[in-house]
Amino acid sequence: MSQSPQSNGASADTAAQSESRDAHLRVREEQFLRDLKADRRRQSIRQLSLNILGIVLFLAAWEATPHVIPWMNRLLFPPPSDVVGTLRELIESGELIENIRVSLLRVLNGFIIATILGTLAGLLTGRLQLLQFLSDPILHGMRSIPAIALVPLSLLWFGIGEPSKVALIAWGAFFPIWLNTYTGVRDVPPVLLRSAMSLGAGRVQTMFLVILPAALPFILVGLRQGIGIALIVLVAAELAGASSGIGYMIATSHQLFRVDIMFIGIATLGFLGYVVDRLFTLLQSYLFPWYSSGK
Amino acid sequence: MSALIDIQNVSKIYASADDSTAWALQDVSVQLHKGEFVCAIGPSGCGKTTLLNIIGGFTQPTEGKALQDGEPITAPGPDRGVVFQEYALFSWLTSRENIEFSLRVKGVPKKERRERAEHYLDLIGLRRAADRYPGELSGGMRQRVAVARALINEPEILLMDEPFAAVDAMTRATLQEELLRLWQTLGLSILFITHNIEEAAFLASRIIIMSPHPGRIKDIVSVDLPYPRDRGSPEFAAVYGRVDRAFHT
Ligand SMILES: Nc1ncnc2c1ncn2[C@@H]1O[C@H](COP(=O)(O)OP(=O)(O)OP(=O)(O)O)[C@@H](O)[C@H]1O
Ligand SMILES: [Mg+2]
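These protein sequence lines are chains A and B, in that order.
For reference, each letter of the first sequence is one residue, going 1 to 295 in this note's numbering.
For reference, each letter of the second sequence is one residue, going 1 to 249 in this note's numbering.
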């Protein structure tokens, strides 16, 4: 400090003043943050309790229905109080868990195959016009066939075991993954490709370091749609011919006239679909933090 | 002295959607020398970007020659750094990773990459934003990163296509000063495209004035004012007037 003696007093004064102001600002900031956090906590508690209330209301309405509507058959429309006992039995015997495991494994295997083939096909057809033109009519034609129409054929070809289910799921999930990847890859902003070229990236490097990540938002949409379709195809395949799995559980409960088991199977599918979708979103924000940070 | 970039009688023809043809450039000749700061200026559609794309190697001229150190330009390469008008950063990479990109594809070891990126982060004053993604940066910060990403290769020439067009006026003035500082300390050669006369007068040692339909070079003005330039000075106003008049004759 090279200040003259006269101004010393004044500047010491301002220093003290500004220090007290800083302290005040810090306190204010902390309080602001505390309030903000408390506010957020209140908000999430409110959300959660309303979520739970929604479920309770739903169950109550369901429970009340057979009581309120006299011609409702409790066997055809069992209320939660009837279903809950069956649910406990199915859990304790391990039957439910085993069926979930089998079904999820099928979905996973089929989905992995679809992901590998779908993204590969999307990358190639999106980048190489020759391949795109060559494959366009066939791929789009096949895409228009509902996977469910292929269930009998698949059973005939691959039998009643795992391969027929996995193949059907892979088939069904392949198309949304391919189509979205294709779109994302084709529409990578040219300026990014030019940047990559002018920064010295070769074709393969551009493919993996630029095109693939740039198309990722699209690929993720495709994967998400693919999972949805995989669950649908899974159930179709299991209903038609299987010796295990949630779909199988629903099919046999039909023959046994056990609507309660059927309800559990159906609810399990809803639950699984929801959980898988949530997991997918979580994984996405964990793996690709930049994806949510602005554009 | 042989030119760094030599554009000889270059023409470029494009087909529009209705199959009519348009000359984006017609018989354009110009040379860019080492250490020069050249601005190309002109109204929309006069072929500025086309000229830059030809030098960058993104497109080939329909007629004429584009040479770099006497060799024909056939493809883009890291010896010509490019900063685009739109944001061209890789949104999935942090600032640091964006800047390191060209070293990464060249296979430079991680440690050296980091050191060199650090140096350029300091040059653009963004060391604190090193680990942020482009989506978390302001427009001015993004273009700083884009400049650093292009410079880390130590290119022979930096090609900039209206790089500051999308930022606000205050930030733009700061970016211009920073760019001049980089140009002087690193001894760069720059081709800078703009349609802002003031920007050209503030930056350029030579101004290429272009006109549209067909895209042609109308005039080339040398600016001998010393740096840093004072926008309020009569000399600056004189340069501005000269460029402005060139458009209207
Ligand atoms: N890929 C293309 N296909 C067809 N026409 C094109 C293409 N690129 C440029 N042109 C035409 O060439 C002319 C010059 O375009 P260019 O982009 O070089 O202009 P510019 O000076 O950069 O304009 P701006 O200031 O708007 O960026 C324009 O008439 C434009 O329509
Ligand atoms: Mg342009």
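Just so you know, the hints here were simulated from the structure itself, not pulled from any lab data.
Note that beta-carbon positions come from the ideal geometry of N, C-alpha and C, so glycine has one too.
Don't take every hint at face value.
[What the hints assert, rightly or not] SDA-like mimics (lysine to any residue), calculated; alpha carbons at most 20 Å apart, straight line: (1) Lys106(B) to His24(A); (2) Lys106(B) to His119(B); (3) Lys65(B) to Pro214(B); (4) Lys110(B) to Gln205(A); (5) Lys106(B) to Ile232(A); (6) Lys110(B) to Leu209(A); (7) Lys34(B) to Ile220(B); (8) Lys106(B) to Phe133(A); (9) Lys106(B) to Val204(A); (10) Lys106(B) to Gln205(A); (11) Lys106(B) to Leu193(A); (12) Lys106(B) to Leu209(A); (13) Lys65(B) to Leu4(B); (14) Lys218(B) to Ala22(B); (15) Lys34(B) to Pro214(B); (16) Lys106(B) to Gly77(B); (17) Lys34(B) to Gly70(B); (18) Lys110(B) to Leu193(A); (19) Lys106(B) to Met207(A); (20) Lys34(B) to His119(B).
[As the list claims (entries may be wrong)] Under 8 Å between C-beta atoms, here's a sample of chain A residues computed to sit facing chain B: (21) Gln129; (22) Ala149; (23) Val191; (24) Met197; (25) Ser198; (26) Pro213; (27) Trp290.
[To be verified] Here are the computed distance ranges between Cβ atoms for each label pair: (28) Arg203(A) to Lys65(B): 54 to 64 Å; (29) Pro289(A) to Ala169(B): 24 to 34 Å; (30) Asn51(A) to Ser138(B): 31 to 41 Å; (31) Ser138(B) to Ser49(A): 35 to 45 Å; (32) His195(B) to Asp277(A): 41 to 51 Å; (33) Phe247(B) to Asp22(A): 46 to 56 Å.
request  = Given the hint that Lys106(B) pairs with Leu209(A), test it: the Cα-Cα distance must not exceed 20 Å.
outcome  = With a Cα-Cα distance of about 13 Å, the restraint between Lys106(B) and Leu209(A) holds, given a limit of 20 Å.
query = If you take the shortest Cβ to Cβ gap from Pro213(A) to chain B, is it below 8 Å?
reply = holds, 4 Å
query = Quick one, are Lys106(B) and Val204(A) close enough, alpha carbons at most 20 Å?
reply = Distance of about 13 Å is within 20 Å: holds.
key: His195(B) versus Asp277(A) beta-carbon gap, inside 41 to 51 Å or not   = Taking Cβ atoms as reference, His195(B) and Asp277(A) lie about 49 Å apart, which means the hint holds.
message = Please check whether Ser138(B) and Ser49(A) have a Cβ separation lying inside 35 to 45 Å.
response = holds, 40 Å
query = Lys110(B) and Leu209(A): Cα distance at most 20 Å?
reply = holds, 16 Å
query = Is the hinted pair Lys65(B) and Pro214(B) satisfied, with a Cα-Cα distance of at most 20 Å?
reply = holds, 18 Å
Hinted pair Lys65(B) and Leu4(B), Cα distance within 20 Å = Cα-Cα ~14 Å, so holds.
inquiry  = Just to be careful, I want the Cα atoms of Lys34(B) and Pro214(B) compared with a cutoff of 20 Å; is the pair within it?
reply    = With Cα atoms ~29 Å apart, Lys34(B) and Pro214(B) exceed 20 Å; violated.
request  = Starting from the hint 31 to 41 Å, judge whether the C-beta atoms of Asn51(A) and Ser138(B) obey it.
outcome  = 38 Å Cβ-Cβ, so the 31 to 41 Å window holds.
Hint validity - Ser198(A) Cβ closer than 8 Å to any chain B Cβ = holds, 4 Å
task = With a cut-off of 20 Å on the C-alpha distance, tell me whether Lys34(B) and Gly70(B) pass.
result = holds, 13 Å
When held up to the earlier numbered hints, the structure conflicts with 1, 5, 8, 15, 18, 20, 21, 22, 28 and fits the remainder.
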